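Okay, here's what each chain looks like letter by letter:
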Amino acid sequence: MRRLILEQRATPSRLFSIALPGVSALGALLLGSVPLLLIGANPIEVYRLMVTSAFGSTRDITDTLTDAMPIMLTGLAAVVTFRMNIWNIGAEGQLQIGAVTSAGVALWLGDGTNTALALVAMIVAGILGGSLYAGLVALPTATWRVDEVVLTLMMNFLSLAFINYLVLGSRSPWRDEFSVSFPRGQLIPDSSRLPELSGRLNFGFVITVAVVFIVAWLLKYTVWGYEYAVVADSRGAAAFSGINQWRMVVTSFLLSGGCAGLAGAVLVGGTLGAMEPRALTGIGFTGILVAALGRMAPTGVIPAAIVLSAIVSSGPDLQLIGVPAPLTVVLEGLILVVIAGGEFHLRYRLVRAGAASHAGAGRAA
Amino acid sequence: MNDAALVNIIVAGIAFGAPLVYVAMGELVSQRTGVMNLSLDGIMLFSAVSGYGVAAQTGSLWLALATSILIGASMSALFAFLSITLRVSQILAALGMLVFTSGMSQYLGRIGDEPLIGRLSGVSIEPYTTGALTDIPLLGPILFGHDFVIYGSWILVAVTHFYINHTEPGLRVRAVGNDPASAEAAGVRVARVRAVHVIIGGALAGFGGAYYSLGLVPIWQERITSNAGWLAIAIVLAARWRPIAAFAAAFIFGASIRLGFTLQVVGANVAPELLSMIPYILAIGAVLFTALSPSRGLTEPKALGIPFFREER
Amino acid sequence: MERTHGSLAVEMTGISKSFFGQQALADVDFRVRWGEVHALLGENGAGKSALCSILAGLYRADHGSIRIDGEPVDFRSPHDALNAHVGMVYQEFRLVNELTVAENVVLGDPRLPRRLKWSEVEDSVAQAAAAYDIDTDPRRLVGDLSVGERQRIEILKLLHRDVRVLILDEPTSVLTPSEVRELFQAMDALRRSGRAVVLISHKINELRASADRVTIMRQGKRVAVSKLDEVTNDDLARLMVGRKIAAPRARQSPSASNRPVLAVRRLTVAKEDGRVAVDSFDAEVRAGEILGIAGIAGNGQRELVEALAGLRPIRSGTIRLQRPASSGEQDAFDVSGLSPRELIQIGIAHVPEDRRAVGVASGLDVGANLCMKSYWKPPLSRRGVMSKPEVRALEDGLRSEFDIRGGSRNMPVSILSGGNIQKVILARELSQAPVVVVAAYPTRGLDLGAVANVRDILIGQLERGTAVVLVSEDLDELFAMSDRLIVLHAGRIMGEFDQPDYDRETVGALMSGGAAAGA
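Chains as they are written, first to last, in this note's numbering: chain A, 1 to 365; chain B, 1 to 313; chain C, 1 to 519.
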C-alpha cells in the first residue's frame, strides 16, 4: 500500500524559500486567468499589457516606483509587527493619521517657511502621527492582551471617517472648496512639497529606501533587534532572560505605526500634494501583501512593493481593453493565498510512506 | 427623542442586526473550534454579488439565496484547506481570501454588457404582512412585519446556544477549541470538526451577505455590507463567544448603524462623517470592556488561532 | 472480538518511524497477549513512547503493520485506535482542563446520543466510576483536579469506552508511593479481567512489581523480550543501557565552615489565581553545597523556582544573597523584588523546568541562545549594537568547553537533542559565573549518557564555590547528589534531612503529605 504522509522539515527548505515568491506570483497569474477567460479576454494579452503599462517607458517605470513607495512602507509596517506575531492590520489607519498630521503641520507652517525645515517638520509629524495612532492600540494590547486585530481594524474605520470629515465636511477648515468633483483637502504649500527626482518620482523614494535599510539594520544588528528576535521566537524564553516584553510589543507597534505614518507623509507631501481620501485607502492592506510576498524580510519589501505596484497601477489601463479594474484586487488576493499556501512546503513535505525513513537515514548520516 | 424615533431605532436594530446575527453565529462556532476566519467581509460581498447576479438572471429568490450560501461555503472551504490542511497562519490565509473575495465581488459587479451595478434584479426578500398586528403600539412594529430572515435569526441564536452547550457535536467543538491535542487523543477528528464548522460559518456569512443585496438594500453596490463582516468578528469577541450575548451585541450594533441617520433626522447638529464612527467606537469600547471584565476566561477558546498538527514535536 | 486469555492482543511487525530525518524506530516488533501486563522498558529516547503513540494512532508508522486480536488494522488517528479498543494514557495527560470530568470521560464516544442531557451523562459517569472503584465528582472541572486524580480520570475514560488494550506511559512518575501501589492494584484488576496492559517505564524496580513480561528497547530497536521472572535486574539494566555509563564524578563534601550564600526566610508565593503555592519557605544554601528539593510535581516547586529567579512576584518573605568573599562585598543583601535581569547580573542562574519553551528560544541558533544572558553588555554589544564576531567567539568557546554537538550556525536550536539543548542552557547559565544555580528537573527526559553529563557539570560547579538548588522528583537523583534535602508538599516544608539520614520510606511519606515514620 502506498500512502502519502506529512513530515515536518527540521529547517525550512532553502531552495523553496528563495523560489517561493516568484512561483507564487506565477501561480496567482495562472489562477487569475480564470476570471479573465470568464469574460472572454486573453490572459496572456492582459498580462503583457500589465507589464508594458508598468515598465514600458521611463515614465512608466518612475510611475511604478512612485506607487511602490507607500506600499513599501506599509509593507515594512506589517513586517515589523507580524514577525513578532502581533497582527497590526492598522497600517491603513496609521497612514491616514500620518497624512493628517503631516498635512496639518504643512498647512500650519504655510508657504515661505525654509524648505528643509518644513520638509523635516512635515515628515516628523507624519511619523509621529502614525506612531501615536498605533500606540493607542499598542497600550491595551501590551498591557491587557486585548486582541489587536479587531482593534487596529476598527481604528482604520475611524480614521477613514475622520479624513472624510476633514475633506468633505461642510464645516471643515481643511476642505478644498474649489475641488468639487474631485474631493480633496487643501493643497499644501510648495515649501512643504518633496522635490521631484524624475517624472512623478520624488525625494520620498530615497527616504523610503533608507528607512527600509535602517529597519533591516535595527532588526539584524542591534540589541533591540536581538531582543525582538527572542520575543518573536518565544515569549517564555524572553521572560526568562529578563527582556521587558511590554516594551518590545509597544516599541514595535510604534515603529510599525511610524513607518505607516511616514507613508502618509510622503503621499501628502509628494505624490498627492493634498489629502485625498480615495488615494489614501487600500494602501495598508496592500502592505500586508507586500510583507508576505517579501517573505517577512524587511528588505524583501522593496522588490515585492515594485511587483505589486506594477499590478495595482495597471487597473486604469486594463479598463481601456474592457477588463474591470478590480481584476488587480483579485490578483492581489490570489498572490497572498498562493504564497500563504506555499509556506506549507517550507515547513512540511509530503513523502510516500516507505521513502521517508530512507531519505531520513540518508540525511541524518 | 420621541417614541417614534425610539421604535425606529429598535426596528433598525432588529433589521440591521439580523445579518450580523447570521455572520456572528457562524464565526462564533468557527472560533469555538479554534479557527478565526477574518475573511468574512469579503465572503459576504462575494456571496452578495453572486446571489444578486443569479436573482437578476433567473428571477428566483431561492436560487439566489442558495447560490450565496454555496459561495460562502466554498470560499470558507478554501480558507479551511489553507488554514487547517496546509496549516497556513489563519490570519494570513484569511487576509488573502478577504482580498480575493472582495476583489471578485467588485469584478463580477462590473463585467458584461449590462453590469450588475445599477441594474435592478426585481427580486427581493419581502416582509410578512401581518395586517393589524403591526399597528399595535410599540410592540407591533418590533415583533411583527418582518421577513423570514429576521425571524430566522432569532431561531438561529437559540439553536446555536443549544448546539454548543447541550449536544454531542457541541461538546466536540468546545474540546477542539480549547485543547485539540487532548480532543484528538479522545478520538475526536480535530481537522474534520474544524473544517465542518468553518464551512458552516462561511455558509451563514454567505446568507448574511445575500440579505444585503436581496433584502436590506436591495440592489448591488460595491462594499454593500459596509464592514458588517468585521463588526461580526468584533461582536463575537465582545460577547466572549456566548451566542445570547452575541445576539444582544448584534442588535445594539445594528441599531448603532442607523443611529447616525436617525440623529440627523431628529436634527442633531453633527457631521454625518463623524456619526458614521458610532458603530466602530462602540465596537472598540465593547472589546476593551469585556476583555477587562473578570469573567473573560470562561468561554474563551484557548487554542484560538493556533494550527494543530498531530505529529508536531 | 473473541478474546482468549494468552492469545495475541497486539502484534506490531517491522515498525519504522523517523522524525526530522532522524530515525526514532527501526524495524521494531512488539507483541502483547491478552491478560498480561507487558512492560516496555528503555531509556528516555529509546523509542518506547513513539512505538506506543503509533499503536494508539497518534503517529503513523513509515513502515510496518499492526494486528489487533489477529485482525490487521490501519490506524489513521486515535479515533480509529479507540474504535479498535486500543487507548493510551499519555504521560503529560490528554484531558481538556476547561471541561468537566463527565464531559472529558464521554468526549469522542461514538455511542453518545446527539442530544445530551447533562444530568444523565453525569449519572452514568458516576456509576461507571463507582464500578471501577474510582472516586470522583463528574461535575468538577478537570483543571481543578490533582495529578493523581487526572490519571484516574484518564483510565476511567478508556474503560468507559471499552478499551481492551491499555497503554500507560510512565504512569508512576507523577504519583506518590501510595498512589503507585493503588495504580498497580488497578492494573492487576485489568489483567484479571482479560485486558492487555502495556506499561512504559524506565524504572526496573517498578515493573518488576507489576508486569508479567518485558520488551526492552534501545536506540529505536527492540533488543530483547522476556518473562520478568526469567531475568535479573542486572540483565535488564545491561540490556536497556547497552553501554557502560561512566561513574559519576567524585566530589568532596563541602566543608561545614563554608558560608551560606543564599538565605530564604518565610518566603510566600502565590499562584496565578491567588492561591498560596509556597507557604513560609525557609532554607539556607552554603557555597559548594547542593540543596535538594523533593516533592511530587505541582506542590509549589515551579512557583518557588520562579520566585527565586525573579519571574514571579513574592507575597512576603526575604531572599538574601551573600556574594563570595572574592567579590569584595561582605554583606548579604535582600534580592527579593528584583527583576529577572537584576538577578541574572547579581549571580542567580536558572535552569528552567521547560527546556524547549522557556530555556531556549527554539527557533534561534545556538549562538543566539548562548548570549541570551549577557548580550546587553560588552563585549557582545556596545552602545546598543551587537558584535557578531564576539557572539561567534562565545559560541565556539562554549561549544568546546561543554561539548555541545549539532546545529550549525543559523540552524534552529530545536533540532538539537534534549541533552545538547540542556548543555546549551547550562553553558549559558554557568558561563556567567553564578553564585547560586537553581536547577529545576535538569535531567528529566534525558538519556542516561546525557544525565551523567548534566550531573557532572553541576557537580563541577561546586568546586568553584557555587551553591546549587536542585529541584527533582527523582529520589535516586536527589539522594545521590544533594548534601541536604527539603521535602515539599502543598507548598510547605514537610521535613529537612542531612545526607546521612536519607530514607526512602520517610521521604516518600512526607512527599504525599503523611507524617514521617517514627517522627
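Some clues are possibly wrong.
[Unchecked claim] List time: in silico BS3-like cross-link candidates among lysine-lysine, alpha-carbon distance up to 25 Å:
(1) C/K377 x B/K302
(2) A/K220 x C/K271
(3) C/K388 x A/K220
[As the list claims (entries may be wrong)] Short, incomplete list of chain B residues facing chain A, as computed with Cβ under 7 Å:
(4) L82
(5) V88
(6) V99
(7) G103
(8) Q106
(9) P169
(10) Y280
[What the hints assert, rightly or not] Chain C is nowhere near these chain A residues, computed Cβ spacing over 12 Å in every case:
(11) S172
(12) T222
(13) F240
Keep in mind the hints are simulated off the structure, nothing from the lab. Predicted model only: the values in this text are computed from it and were never measured. Backbone N, C-alpha and C define an ideal beta-carbon position, used for all residues, glycine too.
Now for the hints, and whether the structure bears them out:
no.: 1; hint: C/K377 x B/K302; verdict: 38 Å, violated
no.: 2; hint: A/K220 x C/K271; verdict: 37 Å, violated
no.: 3; hint: C/K388 x A/K220; verdict: 10 Å, holds
no.: 4; hint: L82; verdict: 6 Å, holds
no.: 5; hint: V88; verdict: 4 Å, holds
no.: 6; hint: V99; verdict: 4 Å, holds
no.: 7; hint: G103; verdict: 3 Å, holds
no.: 8; hint: Q106; verdict: 3 Å, holds
no.: 9; hint: P169; verdict: 26 Å, violated
no.: 10; hint: Y280; verdict: 4 Å, holds
no.: 11; hint: S172; verdict: 43 Å, holds
no.: 12; hint: T222; verdict: 5 Å, violated
no.: 13; hint: F240; verdict: 5 Å, violated
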